[in-house]
Amino acid sequence: MLKEDKHVKYNRQDWHPADIIAALRKKGTTLAAQSRQAGLSSSTLANALCRPWPKGEWIIARALDIHPSKIWPSRYFDMKTHRLIDRHERTPR
1 MLKEDKHVKY NRQDWHPADI IAALRKKGTT LAAQSRQAGL SSSTLANALC
51 RPWPKGEWII ARALDIHPSK IWPSRYFDMK THRLIDRHER TPR
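The sequence shown runs 1 to 93 under the UniProt record's numbering.
Everything labelled a hint here was simulated from the structure, so no lab data went into it.
Check each hint, because a few of them may be wrong.
[Claimed, not checked] Here are the computed distance ranges between Cβ atoms for each label pair:
#1 83 / 42: 20 to 28 Å
#2 80 / 22: 15 to 23 Å
#3 54 / 25: 32 to 40 Å
#4 86 / 65: 19 to 27 Å
#5 25 / 52: 19 to 27 Å
#6 46 / 74: 15 to 23 Å
#7 80 / 41: 15 to 23 Å
#8 80 / 30: 34 to 42 Å
#9 39 / 13: 26 to 34 Å
[Unchecked claim] For lysine-lysine, the following BS3-like pairs were computed, each having C-alpha atoms within a straight-line distance of at most 27 Å:
#10 26 / 55
#11 55 / 80
#12 26 / 80
#13 55 / 27
#14 70 / 80
#15 70 / 27
#16 70 / 55
For each residue, glycine too, the CB sits at the ideal point set by N, CA and C.
Full structure from sequences and hints, please.
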């Protein structure tokens, strides 16, 4: 289970896409493999590298065993309050 601390200090800079890909490789997987494992096309998760997409961000973060706010602080923290924004992937109805 990934911990969420609503009052954490954060690095204001998002990880570079190459760093995300390298971190996945260090874990023994790839972006394409994680996409396929999630039932997506092999290139679909690449969308999360360049634009906000909570579902993709959570898939990548789980593969790295970290909260997505560590990878994309600009997407998960309110810059004024420095609080974690509640962004979750949608669940099927």
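So, going through the hints one by one against the coordinates:
For the pair residue 83 and residue 42, the supplied restraint of 20 to 28 Å is violated, since their beta-carbon distance comes to about 36 Å. Evaluation of the 15 to 23 Å hint for residue 80 and residue 22 yields a failure: the beta carbon distance comes to about 32 Å. Evaluation of the 32 to 40 Å hint for residue 54 and residue 25 yields a failure: the beta carbon distance comes to about 23 Å. The hinted range of 19 to 27 Å is satisfied by residue 86 and residue 65, whose Cβ atoms lie roughly 21 Å apart.
Under the hint 19 to 27 Å, the C-beta atoms of residue 25 and residue 52, about 24 Å apart, fit the expected range. For residue 46 and residue 74, the Cβ-Cβ distance of about 18 Å falls inside the hinted range of 15 to 23 Å, so the restraint holds. A hinted range of 15 to 23 Å is violated for the C-beta pair residue 80 and residue 41, which are about 37 Å apart. Separation of residue 80 from residue 30 is about 37 Å and conforms to the stated range, judged on CB atoms against 34 to 42 Å.
Checked against the given bound of 26 to 34 Å, the beta carbons of residue 39 and residue 13, roughly 31 Å apart, stay inside it. Annotation: proposed proximity of residue 26 to residue 55 holds, straight-line Cα distance about 22 Å (limit 27 Å). In summary, the hint linking residue 55 to residue 80 is supported, as the alpha carbons are separated by about 25 Å, within the 27 Å threshold. Distance restraint check for residue 26 and residue 80: the Cα-Cα separation of roughly 34 Å exceeds the 27 Å cut-off, and the hinted pair is therefore not satisfied.
Restraint check: the Cα-Cα separation between residue 55 and residue 27 comes to about 20 Å, which is no more than 27 Å; the hinted pair holds. Proximity of residue 70 to residue 80 is assessed by CA-CA distance (about 18 Å); at most 27 Å being required, the pair is judged to hold. Between residue 70 and residue 27, the direct Cα distance comes to roughly 16 Å. Compliance with the 27 Å bound is thereby established for this hinted pair. With a C-alpha separation of about 15 Å, the suggested pairing of residue 70 with residue 55 holds against the 27 Å cut-off.
Violation of the numbered hints given earlier is confined to hints 1, 2, 3, 7 and 12; the remaining hints are satisfied by the structure.
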